[in-house]
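Number of protein chains: 4
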Amino acid sequence: MADVAFIGLGIMGVGMADNLAKAGRKLVVWTRDAAKARAFADAHPGAVEVAPTAAHAVRTAPLTYCMLSTLEASTAVFDAPDGVLAAVGPGKCVVDCATLTPERMAEMAAAVRAKGGKFLEAPVSGSKKPAADGQLIFLTAGDADLLEAARPDLDAMGKATHYYGADVGAGSRMKLCVNMTMGVQIAALAEGIALCEASGLSGDAFVEVLKQGAMSSPLIAGKGAAMVGRQYAPQFPLEHAQKDLRFAVAAGDKLGLALPVAAASNELFKRARAAGNGGDDCCAVVEAARK
Amino acid sequence: MADVAFIGLGIMGVGMADNLAKAGRKLVVWTRDAAKARAFADAHPGAVEVAPTAAHAVRTAPLTYCMLSTLEASTAVFDAPDGVLAAVGPGKCVVDCATLTPERMAEMAAAVRAKGGKFLEAPVSGSKKPAADGQLIFLTAGDADLLEAARPDLDAMGKATHYYGADVGAGSRMKLCVNMTMGVQIAALAEGIALCEASGLSGDAFVEVLKQGAMSSPLIAGKGAAMVGRQYAPQFPLEHAQKDLRFAVAAGDKLGLALPVAAASNELFKRARAAGNGGDDCCAVVEAARK
Amino acid sequence: MADVAFIGLGIMGVGMADNLAKAGRKLVVWTRDAAKARAFADAHPGAVEVAPTAAHAVRTAPLTYCMLSTLEASTAVFDAPDGVLAAVGPGKCVVDCATLTPERMAEMAAAVRAKGGKFLEAPVSGSKKPAADGQLIFLTAGDADLLEAARPDLDAMGKATHYYGADVGAGSRMKLCVNMTMGVQIAALAEGIALCEASGLSGDAFVEVLKQGAMSSPLIAGKGAAMVGRQYAPQFPLEHAQKDLRFAVAAGDKLGLALPVAAASNELFKRARAAGNGGDDCCAVVEAARK
Amino acid sequence: MADVAFIGLGIMGVGMADNLAKAGRKLVVWTRDAAKARAFADAHPGAVEVAPTAAHAVRTAPLTYCMLSTLEASTAVFDAPDGVLAAVGPGKCVVDCATLTPERMAEMAAAVRAKGGKFLEAPVSGSKKPAADGQLIFLTAGDADLLEAARPDLDAMGKATHYYGADVGAGSRMKLCVNMTMGVQIAALAEGIALCEASGLSGDAFVEVLKQGAMSSPLIAGKGAAMVGRQYAPQFPLEHAQKDLRFAVAAGDKLGLALPVAAASNELFKRARAAGNGGDDCCAVVEAARK
Numbered sequence: 010m011a012d013v014a015f016i017g018l019g020i021m022g023v024g025m026a027d028n029l030a031k032a033g034r035k036l037v038v039w040t041r042d043a044a045k046a047r048a049f050a051d052a053h054p055g056a057v058e059v060a061p062t063a064a065h066a067v068r069t070a071p072l073t074y075c076m077l078s079t080l081e082a083s084t085a086v087f088d089a090p091d092g093v094l095a096a097v098g099p100g101k102c103v104v105d106c107a108t109l110t111p112e113r114m115a116e117m118a119a120a121v122r123a124k125g126g127k128f129l130e131a132p133v134s135g136s137k138k139p140a141a142d143g144q145l146i147f148l149t150a151g152d153a154d155l156l157e158a159a160r161p162d163l164d165a166m167g168k169a170t171h172y173y174g175a176d177v178g179a180g181s182r183m184k185l186c187v188n189m190t191m192g193v194q195i196a197a198l199a200e201g202i203a204l205c206e207a208s209g210l211s212g213d214a215f216v217e218v219l220k221q222g223a224m225s226s227p228l229i230a231g232k233g234a235a236m237v238g239r240q241y242a243p244q245f246p247l248e249h250a251q252k253d254l255r256f257a258v259a260a261g262d263k264l265g266l267a268l269p270v271a272a273a274s275n276e277l278f279k280r281a282r283a284a285g286n287g288g289d290d291c292c293a294v295v296e297a298a299r300k
Numbered sequence: 010m011a012d013v014a015f016i017g018l019g020i021m022g023v024g025m026a027d028n029l030a031k032a033g034r035k036l037v038v039w040t041r042d043a044a045k046a047r048a049f050a051d052a053h054p055g056a057v058e059v060a061p062t063a064a065h066a067v068r069t070a071p072l073t074y075c076m077l078s079t080l081e082a083s084t085a086v087f088d089a090p091d092g093v094l095a096a097v098g099p100g101k102c103v104v105d106c107a108t109l110t111p112e113r114m115a116e117m118a119a120a121v122r123a124k125g126g127k128f129l130e131a132p133v134s135g136s137k138k139p140a141a142d143g144q145l146i147f148l149t150a151g152d153a154d155l156l157e158a159a160r161p162d163l164d165a166m167g168k169a170t171h172y173y174g175a176d177v178g179a180g181s182r183m184k185l186c187v188n189m190t191m192g193v194q195i196a197a198l199a200e201g202i203a204l205c206e207a208s209g210l211s212g213d214a215f216v217e218v219l220k221q222g223a224m225s226s227p228l229i230a231g232k233g234a235a236m237v238g239r240q241y242a243p244q245f246p247l248e249h250a251q252k253d254l255r256f257a258v259a260a261g262d263k264l265g266l267a268l269p270v271a272a273a274s275n276e277l278f279k280r281a282r283a284a285g286n287g288g289d290d291c292c293a294v295v296e297a298a299r300k
Numbered sequence: 010m011a012d013v014a015f016i017g018l019g020i021m022g023v024g025m026a027d028n029l030a031k032a033g034r035k036l037v038v039w040t041r042d043a044a045k046a047r048a049f050a051d052a053h054p055g056a057v058e059v060a061p062t063a064a065h066a067v068r069t070a071p072l073t074y075c076m077l078s079t080l081e082a083s084t085a086v087f088d089a090p091d092g093v094l095a096a097v098g099p100g101k102c103v104v105d106c107a108t109l110t111p112e113r114m115a116e117m118a119a120a121v122r123a124k125g126g127k128f129l130e131a132p133v134s135g136s137k138k139p140a141a142d143g144q145l146i147f148l149t150a151g152d153a154d155l156l157e158a159a160r161p162d163l164d165a166m167g168k169a170t171h172y173y174g175a176d177v178g179a180g181s182r183m184k185l186c187v188n189m190t191m192g193v194q195i196a197a198l199a200e201g202i203a204l205c206e207a208s209g210l211s212g213d214a215f216v217e218v219l220k221q222g223a224m225s226s227p228l229i230a231g232k233g234a235a236m237v238g239r240q241y242a243p244q245f246p247l248e249h250a251q252k253d254l255r256f257a258v259a260a261g262d263k264l265g266l267a268l269p270v271a272a273a274s275n276e277l278f279k280r281a282r283a284a285g286n287g288g289d290d291c292c293a294v295v296e297a298a299r300k
Numbered sequence: 010m011a012d013v014a015f016i017g018l019g020i021m022g023v024g025m026a027d028n029l030a031k032a033g034r035k036l037v038v039w040t041r042d043a044a045k046a047r048a049f050a051d052a053h054p055g056a057v058e059v060a061p062t063a064a065h066a067v068r069t070a071p072l073t074y075c076m077l078s079t080l081e082a083s084t085a086v087f088d089a090p091d092g093v094l095a096a097v098g099p100g101k102c103v104v105d106c107a108t109l110t111p112e113r114m115a116e117m118a119a120a121v122r123a124k125g126g127k128f129l130e131a132p133v134s135g136s137k138k139p140a141a142d143g144q145l146i147f148l149t150a151g152d153a154d155l156l157e158a159a160r161p162d163l164d165a166m167g168k169a170t171h172y173y174g175a176d177v178g179a180g181s182r183m184k185l186c187v188n189m190t191m192g193v194q195i196a197a198l199a200e201g202i203a204l205c206e207a208s209g210l211s212g213d214a215f216v217e218v219l220k221q222g223a224m225s226s227p228l229i230a231g232k233g234a235a236m237v238g239r240q241y242a243p244q245f246p247l248e249h250a251q252k253d254l255r256f257a258v259a260a261g262d263k264l265g266l267a268l269p270v271a272a273a274s275n276e277l278f279k280r281a282r283a284a285g286n287g288g289d290d291c292c293a294v295v296e297a298a299r300k
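Protein chains in written order, with this note's numbering: chain A, 10 to 300; chain B, 10 to 300; chain C, 10 to 300; chain D, 10 to 300.
Don't read these hints as lab results, they were simulated from the structure. Be careful, since some hints might not be right.
To be verified - Okay, derived cross-link-like pairs now, BS3-like style, lysine-lysine, Cα gap no bigger than 27 Å in a straight line: (1) B:K168 - A:K220; (2) A:K220 - A:K31; (3) C:K137 - D:K220; (4) B:K124 - B:K45; (5) A:K263 - C:K168; (6) B:K137 - A:K220; (7) C:K263 - D:K300; (8) C:K220 - D:K45; (9) B:K263 - D:K263; (10) C:K300 - B:K300; (11) D:K263 - B:K300; (12) D:K124 - D:K45; (13) A:K35 - A:K168; (14) D:K168 - C:K220; (15) C:K263 - C:K220.
What the hints assert, rightly or not - Reference listing, derived: stretches of chain A covered by chain B, where coverage requires no fewer than 3 residues with Cβ under 8 Å from a Cβ of chain B: (16) 63 to 76; (17) 148 to 157.
For every residue, glycine included, the Cβ atom is placed at its ideal position computed from N, Cα and C.
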């Protein structure tokens, strides 16, 4: 029997699962693209087996990590007849690391608990590189003893784990706040570069100034250089960044909180998505800002 | 005769002039509030004298630094009968460190040059603390030999000096790009904290997560803590941050560049100004975001 | 047996049902507040009976009109064990006049059709007074023969009926476009009045000018006077206007269409809602614009 | 000697001057394009003469109407050595019908009065067709006796004249409020049509619904049909509509009033301008909304 099941080997999941394997864990994996799962197993001989279905993976291990990138993908895999929930029974542990809505996380928790399982939401702050480097930040809520059981794994995949209580949804709410702020910061950078270029100044010079001042951050340095150089290979796809802005604005709506700057940013990201940059890195929003 | 004249001892100017004095420069100073000028001179016995007018200060030194915080204040002091321009003659050097419009900087340069003087625009990136610590970043354009003459002073007041060519206005344009991006970033942080608090989560916990991730920056750490703790003592007054957003959006207008996120941020800052937070630190924009 | 069932006697429904009664139709009604249903029946002796449940009403008549004001209320009444769907069987006709999402309308149509019933979506353009005056505009899609059967009723309740094909959802999509435009127009008027008043000019004088020019419309005249006079008795509640803006922006999101002005308007309406104006007329958004 | 001088025969001015001629007034005209002035005179034999300069026109008549479409054009013609102000002397009357900033109008009034002249600001609500049809609305402020002297002319050119007191600037402020609201309404219509089309519905059907409801107005009917049919021949050029939005947002800024919806609309108009629609009719903003 495997130590853990890992569902979802996308941009983020593959790095996370790799770090679990490196930490000595035996994995059973499943992802929609069977070839990807096969390749991952081949790269970790003896440590990883491929399950034919998500349900089979969940059944094969006491503890399952899910990392599916959209609400649609997550729901499809969780609720399918041969999906995650179908395999949950008493004592089964599920840790979901996706960025979904707080409401959906709470629903999943209730469904798992109704079948005697335990649930921890653990959305991550960080994108492709932090996932690969084991530098993610986990924003968790749910069953406290599951958190303790999972902690060595979380430590293998990340550099910090925060716990916001037993009430599932709190982690996702925090994640939305974080990603909303990130989306707006990226829009801020994009409009700054666009104005700079339109003014006849060098975008590189602009990013250089930002890197010397109070705004200096890995985000500014990395996304700034990528925007100026028009390098849009996806670290965190634009359509996912826009999804998080949408979720955050909707969360504000439910709470009666106006978020005019996030809403304007959301529209800018939508424009970029409409122009075909949805699958590019989120920094491609600069293309919408440029015109 | 003094080495340099320094016009404007506001939040920023006092730190800058202090660093010039510490570097051994003899100063003649003028600022609108005579008591402030007197106090500054008293704090630097033997190194600083107070001029009765701006013109007198300019006449008393070969090189003048101006640091007046608004377009109105700058214009009033520059154009007054006993102001800066009145005292400019052949060879007189003027370095203006304020954040004004590119157009106004070009006008001032033309006026100084018409009277035989030299002009360098040198708006700064950085606020109260970097000014006090000699950690400003100068974004300069104008007479290259004046830049070389002023460089030891700029090095005493800052940690980096960028030069964008002889065409005065380029430095202010870069400054506007920088401050626009900063204004939007602060709005991003404010809305993030407001959403976090409205969600029943701790603003401190939110800032903690940001500090561990890709967005980590001195701005996030400093302004984040101030917003959560509602500490609004002015480092960079909100009304000035809003002024820069306004100038940046207007610059985009002239260039035919839409800046929807900056425009939305500008309106949020205006709301904070309208609510009475204009003289507070710019991070008080979180008050407008909270409701 | 009654001619028609009418579910939902809110601000709009009461006027609509009244017009059906005036046209000589025998009604069976149900609404959540039994006292309201009772009062309505008492006002129409011999023509209206009160059903104990929505299901009972639906069973009692061949054709049912639903007019429930929110997605939540509509869903609750439609799906309840003693709700609308429970009573649908072969040949039963349902006309839903609420403003819901296109997706929800399609779901309801599918559910009704699956049980052998017929479904017409017929959201209305118009608010309290047009409902009372039989001047609504129906934006319909669905079963064409049900439309023909319902036409005399629609004519009694409205002044125009548009049909957008068999594909349920098209009527709701048109409705969202209409209400989004209305929401933004109301925001436009609110900001105009706010600027006018802040400029020291009379809001009444402003509305007077609008009424003489190309923008002159019943909306401008009615909402303009109400905003200036701060008369917020609900014709079309602000929280519903905001809901429609939210749905429209979300529809744009799905279609990849940025709607920055609607999104900004949505946030302004949210701010008014947060300030406690959710139950007031939508023109109370001027309160949020004023400060 | 002519009865009146008319300066500026653009899209609006030509219709206004034509109505003065039809009312029996002898005109002396000047406009930047001499061929246009010539053509206008040729079309009104015996009633119109062409002046070689604006100053000459002003000198030739006791009363001058100015209708120059931008702040730049107005300033250039007003302040030029052979411009309007140069020819003002005691008793000379100037009525300015352009949409400028309140501040500029007040400056012009002060300059005219300083030379013994009288000044009335009289910006108009209405575009090309109302100008041609004598259906403009004048929003005036300034010298009350000049208003009475000009009233027959204003009645020949318009259908209503409002007076907001002696304080010049009030008429322009009212005009800004009106045009801001119009700009946002046009943006509202544009986004509505864009969403409608993206939803697979007919834009014509959408405009039809609007024309039957509370939003029905000449603006909706005219601009709606033009947007759907992509007919952008300029009635009121987009770049002027955007200029008015910019002025209005700036006026709000001075007053400490946030105008988030107008600001978002301004950015949408800017995008259209950037895409090359500046000289088209303002309804071409729908092109920016469509993508």
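Exercise for review: Enumerate the violated hints, using their earlier numbering and listing them in ascending order.
Suggested key: 2, 4, 5, 8, 12, 15, 16 and 17
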